[in-house]
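Chemist: Residue numbers (this note's numbering), protein chains in the order written: chain H, 1 to 257; chain S, 1 to 335; chain A, 1 to 385; chain D, 1 to 288; chain C, 1 to 235.
Just so you know, not all the hints are guaranteed correct.
[As the list claims (entries may be wrong)] What follows is a list of derived Cβ distance ranges for each label pair:
1) H:Glu90 / S:Lys312: 18 to 28 Å
2) H:Ser55 / D:Phe256: 42 to 52 Å
3) D:His33 / H:Ser20: 29 to 39 Å
4) S:Leu14 / A:Glu358: 54 to 64 Å
5) H:Ser55 / D:His33: 26 to 36 Å
6) D:Phe256 / A:Lys378: 36 to 46 Å
FYI, nobody ran anything at the bench for these hints, they're computed from the structure.
None of the values given here were measured: they were computed from a predicted structure.
Cβ atoms here follow ideal geometry from the backbone N, Cα and C, with glycine treated the same way.
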Amino acid sequence: MLVQVKGLTKTFGGLTAVNSVDFEIEKGKVTAIIGPNGAGKSTFFNLISGFHQPSSGSVMFDSTDITSLKAHQIAKLGIARTFQTTHLFEQSTVLDNVLIGHRLRTSSGLFDAIFRTSRLKREEKESLEKAHEVLEFVGLTNLADKHVSEISQEEMKRTAFALALATDPTIVFLDEPAAGVNPEETDGLAELIKKMVSKGITVCLIEHKMQMIMNLADKIMVLNYGQKIAEGTPEEIKKNPAVIEAYLGGEAVAQAY
Amino acid sequence: MMSFLNKRNTVILLVVVAILVPLLTDNPYLLHIFSTAFIWTIGVYGLNLIGGFTGQLSLAHAGFFAIGAYSVGILTVKVGLNFWLALLLGIIITTIIGLLIGIIALRTKEHFFAIYTLCVGYIIYLIIYKWEALTEGVRGLIGIPPPAPIGPITFQTPKSQYYLLLFFLVLTIFIFTRIINSLIGRTYMAIRNSEELAQTIGIETMKQKLVSFVLSTFFAGLAGGLYASFVRFIGPDISYINVTFDMLMYLLVGGIGTLSGPLVGTLLVVWISQYLQFLQDYRMLIFGPILVLLIIFYPRGIVGGVQTWLIKQRAKKSQKDLSRNLQSVVVKEEK
Amino acid sequence: GNTSTEPANQSEGNTEETTSNTEEKPAGEVVNIGYSGPLSGPAAYYGENTLSGLSMAVDEINNNGGFEVDGKNYSLNLVSLDDKYLPNETGANAKRLVQEDKTPIIFVPHSGGIFATQVFNLQEKFIIGAYSSEPKITEQGNPLTLRIPPKYSSYIEPFSKYQMERFGKKIAMLPTASQYGKDWAALLEPGWKDLGGEVVYKGSIDFSKDTDFFTIVTNALKEKPDVLFVGGPSEPTALVIKQARELGFKGGFLIMDQAKLDEIEAVLGGPDLVEGSVGVLPLIHSKNDGNAKFIEDYAAAQGKNPGSEAGYHYMAMYLFVEAMKAAGSVDDPDAIMAKVEEGLNNLPADKRIYEITEIEENGGLTTELRMGVVEDGKIVDKSVQ
Amino acid sequence: MDILFQQLFNALTIGSVYSLVALGLTLVYGILHIPNFAHGALYMVGGYITLLFMESMGLHYWLAILISIIVVGLLGVVMERLVFHPLRNAPPIHDKIAAIGVLLFLEALVQLVWGAEYRRMLSPYDIVVDFLGLTVTAQRLLIIGTAILAMILLHLFLKKTITGSAIIAMSQNREGAFLVGINANKVAVITFFISGALAAFASSIASPINLVFPGMGHLVILKAFVIIIIGGMGSIPGAIIGGYILGFSESLSATFISNDYKDLIAFLLLVAILTIKPKGLFVKGARS
Amino acid sequence: MLKLTDVSVSYGGYQALEHINLSVKQGEFVVLLGANGAGKSTIFRTISGLSKPSSGSIEFNDQSISGLSADRLVSLGIVQCAEGRKLFPQMTVYENLILGGFVHRRDKGKRKKSLHEVFELFPILNDKKDDPAGSLSGGQQQMLAIGRALMASPKVILLDEPSIGLAPLIVEQVFSVIQQINKNGTTVLLAEQNANAALKIADRGYVIETGKIVLEGSSKDLFENDEVRKAYIGA
Ligand SMILES: Nc1ncnc2c1ncn2[C@@H]1O[C@H](COP(=O)(O)OP(=O)(O)OP(=O)(O)O)[C@@H](O)[C@H]1O
Ligand SMILES: Nc1ncnc2c1ncn2[C@@H]1O[C@H](COP(=O)(O)OP(=O)(O)OP(=O)(O)O)[C@@H](O)[C@H]1O
Ligand SMILES: [Mg+2]
Ligand SMILES: [Mg+2]
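Kindly generate the complete structure, drawing on both the sequences and the hints.
Modeler: Following this line, the structure appears as structure tokens:
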């Protein structure tokens, strides 16, 4: 198991956003998290990626305990993520955004910068190559010099993917990667996710787009009010009455029409 | 590539002009104004690094400037050290204090950071003002020696001091440019852009902000040390908040977060305020509103404004080219 | 541009060229006189006061047809620049004045600025008209510095004696937190002790920073002093006196020379609260042949009584003119400086605002002591010869 | 013991002034997120306007204060309209710098009009009274009394009137306020008016025990920032409590530690607090 | 009553709405369906004056209201109960409701009457009227948000995903309240992802996809539409 979560809990004041969740993510697979708005999905991601400190519970990554590590330390271990509202470095170009993504794999410091040491030059070259590589991977090579404010929603999503990939991750957590993207482009993004998996990257994603999830996911976890209410293959989830009730839409209501 | 060459040529040209100035004129006043402007520019680059590129507005920089100046002053006057040694120690002292303050101050964010550093600046002022045994209090430190000669080179005359300060200015700009154009500079800008995102891509933002802050106090301390030996007298006033405000004004007029903003802004404002001397106490009646208007209409100062204008021009030109091309296409088709 | 044809405007110093009536004057050469002082910011009032004495003298001299040196007629032109009290600005201003206006003399009314100009005044050849009682400015041994105000050390003993006899031996110190206040306190403490007195409280008040003086005055009075040493600009000093009385202080006040008894009295609306004070005798209370005309003219022009800043600068301007005449040069600082003594002797009777007793070896003027006390609601001249 | 009580009384006086100034500052911060560096200039202008109407027009103290409150309140409004409103979408750094520009301008303007000298404001309550065995002046009792009254009135205004609720609503959720039909511009204008009025009132009641001069706002504003940070930026009770905390710590440290270092102590207090709690003492949970 | 003609909205470079044409008649109950980020909230924000359209016009009772500020629209009777509730968390339930009636602040009688009605609709709010709004549970907060909108006595109420984050039971409750409001004469425009429940009570509906209206019709038609079933009902 690549990621093992045990009894993970997070409270905000009086609200329990994530409530003792046990969960595992298998290497090389696509794992999805679904659930109603406010169910605690994003919070779950925030806990794993070190953005919030859990109130209790533990997170293991590749048999290291990362529960109390900081976000940047977790990123260095190979965990990348994207945000629900696409989060990019607004005032830069696509290339600059992605370029900085590789910074955590470089070690040049002030000294290198001032004296332009060979290490700096090498690492700058590396970062640039990496940036071009991931931009090509997500299909944005031609937009490299565009300002992020000039590109479309879907292109932003791709840039966010590229940024995550530039950190050389083992696993990426994608928070609603296809939100606000039309169906055709959604398919494109799904293809991209598949491509990532085939490259050996483990993917865990949150999505409300059921068709996409059902096609992509190997395993789905359903959260409701911070609690895990179901877990299983897409087929199992589709049929799960609790999930239909809480999320997919109560059959009772539909029939009553 | 063309523009890069142009930029490099401009820089070389500027440096050559700066070197020629003292040869063309004997006016010590002119040299004096340039020299002081150079000193401030160095300090303003420090402010630009942390405020403009890393996005943390520090209002304590007059304080760090003063720490540099007083360290050099005290070490030369009271301890009797050689100027160069004192300058080195002064910078070290400034950066150590900067480090200690930064560790605490950078835990706060945005407005809190600005006000926190404002208060830190004021504390530095109060300490300089009250600690008479060390700083001579309100009287100030007198008799600070000019930079000690290096071998045959002495720094007694306005010209030689001008060259010395020019050297440090060019060095500052060089270091600054190197930093900004490297991975480090990109890291700082990433933090300015979004600290949160920077963290998720594995950047240790606290450490990076701290390095940037310390480096910015380094420039402030260097400027302060040079100031002490240039003016050769220092009083607590140089650590007062108004001096930070002045530096901020230089930075804003030039363009915050731009490479050449500190240079352009400082030279310009220092000269303008010389020309506006006849207004005396009413200078601020003009400066105040100018500052406000500038912020509203040219938030990135002169350099930023020019950059935007150039981009627009280029866009216009390319659009014109495009429409011309289109026209020619149309014309062809009509034929 | 300037409109300073009415005298009332001249002291404002708000324009670079403060000369007036240039058109009416007989053609002759112009000698520029420099000034760099605080004309904006917190110290601006002080700066304006110093400048007012200078510009009054300059205007008078010009209106009287200038002065003659070596057979040539000259008029004066006062060039004043603002340095915001910052030494580096003073330095820049001085360089500019020398460079652009060829000023042989530059008046600087604060020690920081004086120190900053002493760094290069010998190279650039100009006299510093130094208005500061800071001892170090003359200790530097700068031959082109003339210290205008007197040393205040001579006040210590008579002031102390008077108050000790009248009120008692315990003194609490609450002067202004400026350098001047501190220097005073530093001299007063041993002086007071030498006379057998006791210093029961040492503090200082920063008028521009303290929001309320009650706290510190309370603390000082807790020690039950007989005499309170206060000082600084007249208005805040008056306020300290008032608050001390409010808090029940019945003793006397020993007032630093910066504050003027007459002004304090005016601020407090009468002599009741200042009863038992000792300080420098205000100019208007020591009218004599030397200063009567000046006091009247100044009051007419400025609408207020002249303080010592104005008086000394006024006199110093005349002194330098006399020195130029004696030296036979308007642009050789060394020559002018060498003839200051002679200039002093030639000073017209009605320009002797203060009685200068000597010029010290190191270039400091020494003035005769004038002491005033408030007894039975009146300011009384107690000058000791 | 006597001195302790006397000093506590002194602290109460000065704390009242601090609280009033800090209130205006925190109000603007809470609602518009502007750290208004020019607030100290409003304080100063307030003192001058009162003085002007007392001296040159011969108006009664209270009438002059009333005019000053209105004039400075309007000055606050003008500032909002001309400077901060155009900058409402700009990055936060810009507000601060624009405020500095306003500050420089107002100080120069006051110096131009009234000169740089220290001035005294004479209040009609210039009498010493014996109050519970302490020496106090009527003016000081007046400061404490009216400051507390002003705070109570402000509290009632904010709590009991619907306009007051609108102001608080805006500080808690801007969009929510729009959705119930609150006009953002009006609230901004009212807030700036109140803030300016509080500054003018504070300086008008404090001036008779101090002096009126162009730099009088400098340290007050700096301390007001210390206070609102201690009290949690935007928190109204925090500003009041913070004002008194600072008043007491200054007065007591001047008495028992060192007068020379009492200002330092106030600022060190802040540094200590922020070191432990980077967002201030009384800050409530996340504000959206 | 409410009519959008050719309305387009963009956020910076991103076009969130393209040529939206939409109308709601007096007393009608209309639902907007669409996935996350389709643009439903943007339509609401635009009607309420919180976002400015780059082109097109909005009419209310045959008068153009484009460009009016948010508070003017509220006083005209267009009230939104927004996504994310936008309550005043540190104010009490009572204060929140009173502010809901801000536009009628001079009419005390009306305020009292509305308050009474709201408390009748949601008795729980009366019980909790002195508690800070932030302390309520999600469902209660949603009720408060609706109640606050009702305090303005709206002619048209815009409800943006009122069922968000609510337990199914509460969802049903909320929906029946909305139905009740509509029956009492208030025109309702509702945005929902929960097509199932929404179509059950609405008269008519529009389907939005990436900023465009792709389908419109009566609730029954939409419910039976295969595309809709596939995309939004999932069964
Ligand atoms: N920083 C925070 N402070 C307080 N409460 C929070 C915070 N972050 C999230 N919450 C609360 O935690 C709960 C879960 O939120 P979360 O963002 O994880 O939901 P989600 O499942 O991602 O929903 P959605 O599908 O709408 O994105 C919500 O009630 C939210 O209001
Ligand atoms: N302030 C904004 N700046 C930039 N883009 C925005 C902004 N608000 C919304 N968007 C984008 O506009 C699109 C439409 O958003 P909108 O909120 O209207 O969707 P929605 O249909 O209400 O979705 P949901 O079901 O998530 O509430 C989305 O892609 C969203 O990311
Ligand atoms: Mg989420
Ligand atoms: Mg929405």
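Chemist: Now, for every hint given, state plainly whether the structure supports it.
Modeler: How the hints compare with the structure:
1. H:Glu90 / S:Lys312: 18 to 28 Å: With a Cβ separation near 20 Å, Glu90 of chain H and Lys312 of chain S satisfy 18 to 28 Å, so the hint holds.
2. H:Ser55 / D:Phe256: 42 to 52 Å: 44 Å Cβ-Cβ, so the 42 to 52 Å window holds.
3. D:His33 / H:Ser20: 29 to 39 Å: holds (38 Å)
4. S:Leu14 / A:Glu358: 54 to 64 Å: The hint (54 to 64 Å, Cβ to Cβ) holds, given that Leu14 of chain S and Glu358 of chain A are roughly 56 Å apart.
5. H:Ser55 / D:His33: 26 to 36 Å: holds (30 Å)
6. D:Phe256 / A:Lys378: 36 to 46 Å: holds (41 Å)
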